[in-house]
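Chain by chain, the residues run as shown.
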Amino acid sequence: MKPKSVAVVGAAETTDLGVIPGMSQIQLHADAALNALGDAGLKPTDIDGLATAGETPTTVAHYLGITPTWVDGTAVGGCSFMIHVRHAAAAINEGLCKTVLITHGESGKSRVGASPRPPFPASLAGQFEAPFGVMGPPTMFTVPVLRYMRTFGITEEQIAMVAVVQREWAAKNPRATFKEPITVADVLKSRMIAYPFRILMCCLVTDGGGALILTSAERAKDFPQKPVYILGTGESVESPMISQMEDFTSSRAFRVSGKKAFAEAGIEHGDVDHLMIYDAFAHLPLYGLEDLGFCKPGESAAFIGARNTAPGGKLPLNTNGGGLSYMHSGMYGMYALQESVRQLRGTAAAQVPGAKISIAHGVGGMFAASGTIVFSNERG
Amino acid sequence: MAEGTRPLPVPTPETKHFWEGTKAGELRLQRCDACRHTYFPPRPFCPKCASRKVSVVKSSGKAKLFSYVIHHRPAPGFTPPYAIAVVELAEGPRMMTNIVGCPQTPDALLLDMPLEVAFEKQTDQISLPFFKPADGK
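First to last, the protein sequences are chains A and B. Here the first sequence is numbered in the numbering used here, starting from 1 and rising by one per residue. Here the second sequence is numbered in the numbering used here, starting from 381 and rising by one per residue.
Hints listed in this document are in silico derivations from the structure and should not be mistaken for laboratory results. A hint or two may mislead.
What the hints assert, rightly or not - The calculated lysine to aspartate or glutamate pairs, modelled on EDC-like cross-linking and capped at a C-alpha distance of 20 angstroms, are:
| # | chain 1 | residue 1 | chain 2 | residue 2 |
| --- | --- | --- | --- | --- |
| 1 | B | Lys442 | B | Glu468 |
| 2 | B | Lys396 | B | Asp487 |
| 3 | A | Lys172 | A | Asp273 |
| 4 | B | Lys444 | A | Glu246 |
| 5 | B | Lys444 | A | Asp247 |
| 6 | A | Lys260 | A | Asp273 |
| 7 | A | Lys4 | A | Glu94 |
| 8 | A | Lys189 | B | Asp487 |
| 9 | B | Lys428 | A | Asp247 |
| 10 | A | Lys98 | A | Asp39 |
| 11 | A | Lys314 | A | Asp273 |
| 12 | B | Lys512 | B | Asp492 |
| 13 | B | Lys438 | B | Glu406 |
| 14 | B | Lys428 | A | Glu246 |
| 15 | B | Lys512 | B | Glu406 |
Stated by the list, open to error - Simulated DEER-style distance windows between Cβ atoms:
| # | chain 1 | residue 1 | chain 2 | residue 2 | range |
| --- | --- | --- | --- | --- | --- |
| 16 | B | Lys501 | A | Asp271 | 57 to 67 angstroms |
| 17 | A | Glu157 | B | Asp487 | 13 to 23 angstroms |
| 18 | A | Gln351 | B | Gln505 | 52 to 62 angstroms |
| 19 | A | Ala122 | B | Pro427 | 12 to 22 angstroms |
| 20 | B | Gly384 | A | Thr69 | 41 to 51 angstroms |
| 21 | B | His417 | A | Gln351 | 48 to 58 angstroms |
| 22 | B | Pro424 | A | Arg175 | 49 to 59 angstroms |
| 23 | B | Lys442 | A | Ala306 | 41 to 51 angstroms |
Unchecked claim - Facing chain B, according to a computed beta carbon distance under 8 angstroms, are these residues of chain A, among others:
| # | residue |
| --- | --- |
| 24 | Gly126 |
| 25 | Pro131 |
| 26 | Ile193 |
Backbone N, C-alpha and C fix where the C-beta goes; we use that ideal spot for every residue, glycine too.
Pulled out of the complex, with its shape left as it was, chain B reads as follows (with noise of 0.2 angstroms):
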């Protein structure tokens, strides 16, 4: 069984919409008024033409697999083995995450696989966006 607890963020005033997002069951990404740019991490500007009009954008949470490990050491808050991965969003920008509702595998974990957020509480003021496979209901 895991021990210990996972590290939680910390928002700042430039990421509050995201963790308020994801509270409240909604991937938020960010675009850009100007050029229209999707993009993640949050900032307050567009990182591709640095416009300060954007706009706080629902991401339909549906993402791919896009590359991975799989972690054999102890981590606070984990059971080894699990998976530390990238998934790429349908709106382009790509974001670290777990893959749930699967086994821990390389068999399992399919490049390219098509997945879906799914959120999972961690406390009163942080959720975490988790992907599951979108075939796996």
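Isolated chain A, as found in the complex (with noise of 0.2 angstroms):
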């Protein structure tokens, strides 16, 4: 796409996070959509392009009114939302449409109206996985770790300082689940849930949903709030089997995702003030920090334990808390977008000073696909 050519011009979280079950998974799409227009000054009636996961277009285009005339339901787990701005810009351009709105909702902790969960016994996973005792993400998106540790020579320490860290972004968010401080040795006597990981390495699981609206850089001066333009996109996928991940210690599907965000920005990694990575589990910010190039293979634990994305670090790193304290409903990427446009906004809890560049990166499925946004604040 073309850099800062499209921005968002609208951004809001669900009223409440957390535990909400009073609200069906649809309703916490709305929610989040009418807070979403509401920011940017808009109504349902303003919108001509719908982007959405774990609901259809059709669903959430029906439920709240909108007639479009462009819709996208990538559905490739957590990263969705990163691909639907990525798809979105693309529209934008072409003239597809004018005024995008992307949702998520997700009844993560409560399932009220929730979607049902695969895999399906005739797929490829429900052959060749899941009789071998599988039972969501903790046992599968952790299986390739052990692998990692022993290539690198990282050890369950370095993994628990990834949950100790986040933690201390999380005590500055009033909104964060959890914002007790915690140590290496609470997160290693933490329950054990699949070794080596243990409860504290692993996300939360809430109730909530976020929203997102885009238009032209053109349009997006006449709106109410400091535009957020979008700088560079990427994407991939790769395997719907943890066990058939190519390089157990490097996800393919970050490093062609995040190396395409990174050409189409034209920034180098100095450049970036402010940074996101979906972190479902502890590991993630170690794999996602070295397959976008911010550390060397096997460099990132070492990089984390030294606070460089820490509170007062070089690269401040999961700002909100993060899905291990923050908030996580399943599919999390719609949240790390959120704090990328907060930062930018200079409206973020635990704001980082003159942010000018942030990057949300996310992951979909087990490293099953990827997303990459570069937002900037500066037009020029």
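Both chains are given apart, each in its own frame, so use the hints to dock them into the complex.
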């Protein structure tokens, strides 16, 4: 896409985050959408493009009273929303629509009106993974990690440190689910879920939603909020089965998506002021930092241990507290995008002073897909 | 004790040879006649060169432990803690499995340890390929 040709002009999460038993999945989409429309000073009838995952675009369009000329139902897991941003930017530039709404809502904890969870027994994952006792992401996303630790000599303490540092960020965020400080010892004595992963290395399970509104950079200046421009974008997919991931120490989808986004944006790593890496589990920021090129293979754990990503560090990472401490409804990518937008508007709870370039990097499935968005708050 | 039953595969036309193989005590892979690439999971064409000329080949059943987790939470048909493993076959492909004949502990489950396939009948239709320590006969 052409850098800075499209901007985010509306962004909001659901009014509440956490445990929301009084709202079904579709209403979480709507609650976030109405908040984002309010943020942009728009009504549903002003929207002519719609992208969503978890629900179909048809369901969300009808529920909100939108008549779109462009829809995108790309649903590749938690990074679907990064990919929606990328597709929306292309669609706006191509003249397929003018004003795009992207919605996410998920009753991850309360499971009110929630979609059924695959796999189906005749799918490849159903035939070649499900029979061996996988029970959701904690038993799949985590499978490559012992090989990663062996290859690079990484310890459980170093992985625990990821959760400790993110809790420091969460402590600064009133909307974070967990704010109490934790130590490496706390993480390593927390309940074992799937060795070597303990519960404090695993994301939260909560209810919530978020929505974004995008339009051309030309039109963006007429909206009430400070525009946040799309500078570069990337996407890719790899395998629906964790056992078939090419390299257990590095995600191909991360590498392809990240490289594309950096190239489009025309930036160097040193230009990045703020970074969000989807952290469903504590090892994801390690893979993300390396596969995006911020660290060499095997060096990200030491980079985090040296407090480079902590408050006061040179590369603030997951400043909302992340999926480990802020919230995680199931498809967390939307919340990473929201935090990037807040940082570049200058309205984040743990604001990075003077942040100009932010990256939101997402994962879908278990290293199955990826989407990367580079944002800038400078038009020139 | 384990409660419930583990999910079982439903074979498709493209995977039928694999599940007939496990029932007959054979681990069946596929090899491309054109580029000789050996691959898994099953499909009737080569994922490397797209040739439709592929053959079913019997694996040696020898593998090494590539990575795993030890699940501590309940799952239908399993008694926790149990390991969910990925093994790398001598022929190259990797597959998910369970490790049998071995304590389900980090001390017993050593990365790169040699393993061999061990079939266990689940129903008249389905036998699953597990792996056991190669020297633990």
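Structure-based check of all given hints:
{"no.": "1", "hint": "B:Lys442 / B:Glu468", "result": "holds (9 angstroms)"}
{"no.": "2", "hint": "B:Lys396 / B:Asp487", "result": "violated (37 angstroms)"}
{"no.": "3", "hint": "A:Lys172 / A:Asp273", "result": "holds (18 angstroms)"}
{"no.": "4", "hint": "B:Lys444 / A:Glu246", "result": "holds (16 angstroms)"}
{"no.": "5", "hint": "B:Lys444 / A:Asp247", "result": "holds (16 angstroms)"}
{"no.": "6", "hint": "A:Lys260 / A:Asp273", "result": "holds (19 angstroms)"}
{"no.": "7", "hint": "A:Lys4 / A:Glu94", "result": "holds (14 angstroms)"}
{"no.": "8", "hint": "A:Lys189 / B:Asp487", "result": "holds (19 angstroms)"}
{"no.": "9", "hint": "B:Lys428 / A:Asp247", "result": "holds (16 angstroms)"}
{"no.": "10", "hint": "A:Lys98 / A:Asp39", "result": "holds (17 angstroms)"}
{"no.": "11", "hint": "A:Lys314 / A:Asp273", "result": "holds (8 angstroms)"}
{"no.": "12", "hint": "B:Lys512 / B:Asp492", "result": "holds (13 angstroms)"}
{"no.": "13", "hint": "B:Lys438 / B:Glu406", "result": "holds (6 angstroms)"}
{"no.": "14", "hint": "B:Lys428 / A:Glu246", "result": "holds (13 angstroms)"}
{"no.": "15", "hint": "B:Lys512 / B:Glu406", "result": "holds (15 angstroms)"}
{"no.": "16", "hint": "B:Lys501 / A:Asp271: 57 to 67 angstroms", "result": "holds (59 angstroms)"}
{"no.": "17", "hint": "A:Glu157 / B:Asp487: 13 to 23 angstroms", "result": "holds (19 angstroms)"}
{"no.": "18", "hint": "A:Gln351 / B:Gln505: 52 to 62 angstroms", "result": "holds (60 angstroms)"}
{"no.": "19", "hint": "A:Ala122 / B:Pro427: 12 to 22 angstroms", "result": "holds (19 angstroms)"}
{"no.": "20", "hint": "B:Gly384 / A:Thr69: 41 to 51 angstroms", "result": "holds (49 angstroms)"}
{"no.": "21", "hint": "B:His417 / A:Gln351: 48 to 58 angstroms", "result": "holds (52 angstroms)"}
{"no.": "22", "hint": "B:Pro424 / A:Arg175: 49 to 59 angstroms", "result": "holds (51 angstroms)"}
{"no.": "23", "hint": "B:Lys442 / A:Ala306: 41 to 51 angstroms", "result": "holds (42 angstroms)"}
{"no.": "24", "hint": "Gly126", "result": "holds (6 angstroms)"}
{"no.": "25", "hint": "Pro131", "result": "holds (6 angstroms)"}
{"no.": "26", "hint": "Ile193", "result": "holds (6 angstroms)"}
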